[in-house]
Amino acid sequence: DTEVTQTPKHLVMGMTNKKSLKCEQHMGHRAMYWYKQKAKKPPELMFVYSYEKLSINESVPSRFSPECPNSSLLNLHLHALQPEDSALYLCASSQENSGFGYTFGSGTRLTVV
Amino acid sequence: QKEVEQDPGPLSVPEGAIVSLNCTYSNSAFQYFMWYRQYSRKGPELLMYTYSSGNKEDGRFTAQVDKSSKYISLFIRDSQPSDSATYLCAMSPYLGNQFYFGTGTSLTVIP
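Those sequence lines, one after another, are chains A and B.
Just so you know, we're using this note's numbering here: the first sequence kicks off at 1 and counts up by one.
Just so you know, we're using this note's numbering here: the second sequence kicks off at 1 and counts up by one.
Be aware that a few hints might be false.
With a cut-off of at most 20 Å between alpha-carbon atoms, the simulated DMTMM-like pairs for lysine to aspartate or glutamate come out as follows [what the hints assert, rightly or not]: (1) A:K18 with A:E52; (2) A:K18 with A:D85; (3) A:K9 with B:E3; (4) A:K40 with B:D66; (5) A:K41 with B:E5; (6) A:K41 with A:E58; (7) A:K9 with A:E58; (8) B:K42 with A:E58; (9) A:K9 with A:E84; (10) B:K2 with A:E67; (11) B:K70 with B:D83; (12) A:K9 with A:D85; (13) B:K42 with A:E52; (14) A:K19 with B:E5; (15) A:K40 with A:E3; (16) A:K38 with B:D66; (17) B:K42 with A:E67; (18) B:K2 with B:D83; (19) A:K40 with B:D58; (20) A:K19 with B:D7; (21) A:K40 with B:E57; (22) B:K2 with A:E84; (23) A:K53 with A:E24; (24) A:K40 with B:E3; (25) A:K40 with A:E67; (26) A:K9 with B:E45; (27) A:K38 with B:E5; (28) A:K41 with B:D66; (29) A:K38 with A:E52; (30) A:K40 with B:E15; (31) A:K38 with B:E45; (32) B:K2 with A:D85.
Worth flagging that the hints you see were computed from the coordinates, not collected in a lab.
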C-alpha cells in the first residue's frame with residue numbers, strides 16, 4: 001500500500017458546525033502532515049506530527065485542531081471556521097527525517113458557507 | 001524575498017515539445033530538491049528528487065540542480081497532453097520534515 005487516503009473528498013460546512021477530516025496511511029511512515037492549499041497557490045504547512053507527537057504548529061488558528069491517534073491515522077478537527085478557510089486540505093506522510101519528499105493524499109476540498 | 005521563486009506561467013506547448021520548468025532559491029543551505037506534479041483538484045505527486053548538484057533522469061523527465069547559481073530545472077522530453085498539470089518545486093536544507101515550495105507552474109500540452 002503506497003497511498004495516503006483522505007476522507008471525505010468534499011465537505012461543505014457552516015460556520016457554526018464541527019467536522020473532522022481524516023487521513024490514513026499504511027506505509028510505516030512516522031511523520032505526517034497537514035497542509036492547506038488555496039487555488040493557484042503552493043501548499044502551506046499547518047502541522048507536523050513526528051512519531052505521533054506534534055512537532056510543528058505553524059501558528060494555525062485554534063479553530064483547527066489536529067490529532068494523531070496512532071501512527072497510521074491523522075485527524076483535523078474543524079470548529080467555527082470562516083469562509084476564508086475554504087481550501088484544499090492535504091494530508092501527507094514521509095519517513096522520519098526524509099529529505100526525499102512526501103506522499104500526499106488527494107485532499108479534502110472544504111467549503112465554508 | 002521568497003525562499004523559492006517559480007514562474008507561475010501559464011505555459012502552453014505543442015505535443016512533442018521539450019518543456020523546461022525552473023525554480024530559483026535564495027537559501028544556499030538547500031540540499032534536497034524535489035519536483036511534484038499536481039493535476040487539477042488532486043494532491044501533489046512526487047515526480048523526482050535529487051540531492052545536492054547534478055542531473056537525474058527518469059524516462060522523459062530530467063532534473064538538474066545548479067547549486068552555484070541556486071537554480072533547479074525540470075525538463076520534459078516528448079511532452080504529452082497527459083503532462084498538462086501544475087508543477088511544483090520543493091526543497092529543504094536538511095533531512096527533516098519541512099520543505100519550501102515554489103508557487104507552481106501551470107503547463108498545458110496541446111495535442
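We went through each hint and held it up to the structure:
Proposed proximity of K18 (chain A) and E52 (chain A) is contradicted: the alpha carbons are some 23 Å apart, above 20 Å. For the hint pairing K18 (chain A) with D85 (chain A), the CA-to-CA distance comes to about 14 Å; that is within 20 Å, so the pair holds. For a cut-off of 20 Å, the pair hint linking K9 (chain A) to E3 (chain B) is broken: about 31 Å separates their Cα positions. Only pairs whose Cα atoms come within 20 Å are accepted, and K40 (chain A) paired with D66 (chain B) is rejected, the gap being roughly 27 Å.
The straight-line distance between the Cα atoms of K41 (chain A) and E5 (chain B) is roughly 12 Å, inside the 20 Å bound, and the hint therefore holds. Among the hinted pairs, K41 (chain A) with E58 (chain A) is consistent with the structure: their alpha-carbon atoms are about 17 Å apart, no more than 20 Å. As the CA atoms of K9 (chain A) and E58 (chain A) are separated by approximately 24 Å, the hinted pair breaks the 20 Å bound. Between K42 (chain B) and E58 (chain A) the CA atoms are separated by roughly 23 Å; this puts the pair beyond 20 Å, and the hint is violated.
Simply put, K9 (chain A) and E84 (chain A) have alpha-carbon atoms about 19 Å apart, close enough for the 20 Å limit, and the pair holds. A hinted pair counts as satisfied when its Cα atoms are at most 20 Å apart, and K2 (chain B) with E67 (chain A) does not qualify at roughly 31 Å. For the hint pairing K70 (chain B) with D83 (chain B), the CA-to-CA distance comes to about 26 Å; that exceeds 20 Å, so the pair is violated. Pair hint K9 (chain A) plus D85 (chain A) holds up; C-alpha atoms about 16 Å apart against a cutoff of 20 Å.
Note on K42 (chain B) and E52 (chain A): the hinted pairing is violated, with a Cα-Cα distance of about 26 Å set against a maximum of 20 Å. Distance check on the hinted pair: K19 (chain A) and E5 (chain B) sit about 35 Å apart at the alpha-carbon level, beyond 20 Å; violated. A threshold of 20 Å between alpha carbons decides the hint, and for K40 (chain A) with E3 (chain A) the separation of about 24 Å lies outside it, so the pair is violated. A distance of roughly 30 Å separates the Cα atoms of K38 (chain A) and D66 (chain B); the hinted pair therefore is violated under the 20 Å criterion.
Restraint check: the Cα-Cα separation between K42 (chain B) and E67 (chain A) comes to about 23 Å, which exceeds 20 Å; the hinted pair is violated. Distance hint between K2 (chain B) and D83 (chain B) is unfulfilled; the C-alpha atoms sit about 27 Å from each other, more than 20 Å. Straight-line distance between C-alpha atoms of K40 (chain A) and D58 (chain B) comes to about 27 Å, which puts the hinted pair past the 20 Å bound. A hinted pair counts as satisfied when its Cα atoms are at most 20 Å apart, and K19 (chain A) with D7 (chain B) does not qualify at roughly 36 Å.
Our distance criterion of 20 Å between C-alpha atoms is broken by K40 (chain A) and E57 (chain B), whose separation comes to about 28 Å. Restraint check for K2 (chain B) and E84 (chain A): not satisfied, since their Cα atoms lie roughly 23 Å apart, outside the 20 Å limit. Between the alpha carbons of K53 (chain A) and E24 (chain A) the distance comes to roughly 16 Å, so the proposed pair stays at or under 20 Å and holds. Among the hinted pairs, K40 (chain A) with E3 (chain B) is consistent with the structure: their alpha-carbon atoms are about 18 Å apart, no more than 20 Å.
For the hint linking K40 (chain A) to E67 (chain A), the alpha-carbon distance of about 28 Å lies beyond 20 Å, and the restraint is violated. Restraint check: the Cα-Cα separation between K9 (chain A) and E45 (chain B) comes to about 17 Å, which is no more than 20 Å; the hinted pair holds. Proximity of K38 (chain A) to E5 (chain B) is assessed by CA-CA distance (about 18 Å); at most 20 Å being required, the pair is judged to hold. A threshold of 20 Å between alpha carbons decides the hint, and for K41 (chain A) with D66 (chain B) the separation of about 25 Å lies outside it, so the pair is violated.
Note on K38 (chain A) and E52 (chain A): the hinted pairing is violated, with a Cα-Cα distance of about 27 Å set against a maximum of 20 Å. With a C-alpha separation of about 24 Å, the suggested pairing of K40 (chain A) with E15 (chain B) is violated against the 20 Å cut-off. At most 20 Å may separate the alpha-carbon atoms for a hinted pair to count; K38 (chain A) and E45 (chain B) meet this at roughly 17 Å. A distance of roughly 23 Å separates the Cα atoms of K2 (chain B) and D85 (chain A); the hinted pair therefore is violated under the 20 Å criterion.
The structure is inconsistent with the numbered hints 1, 3, 4, 7, 8, 10, 11, 13, 14, 15, 16, 17, 18, 19, 20, 21, 22, 25, 28, 29, 30 and 32, although it conforms to all the rest.
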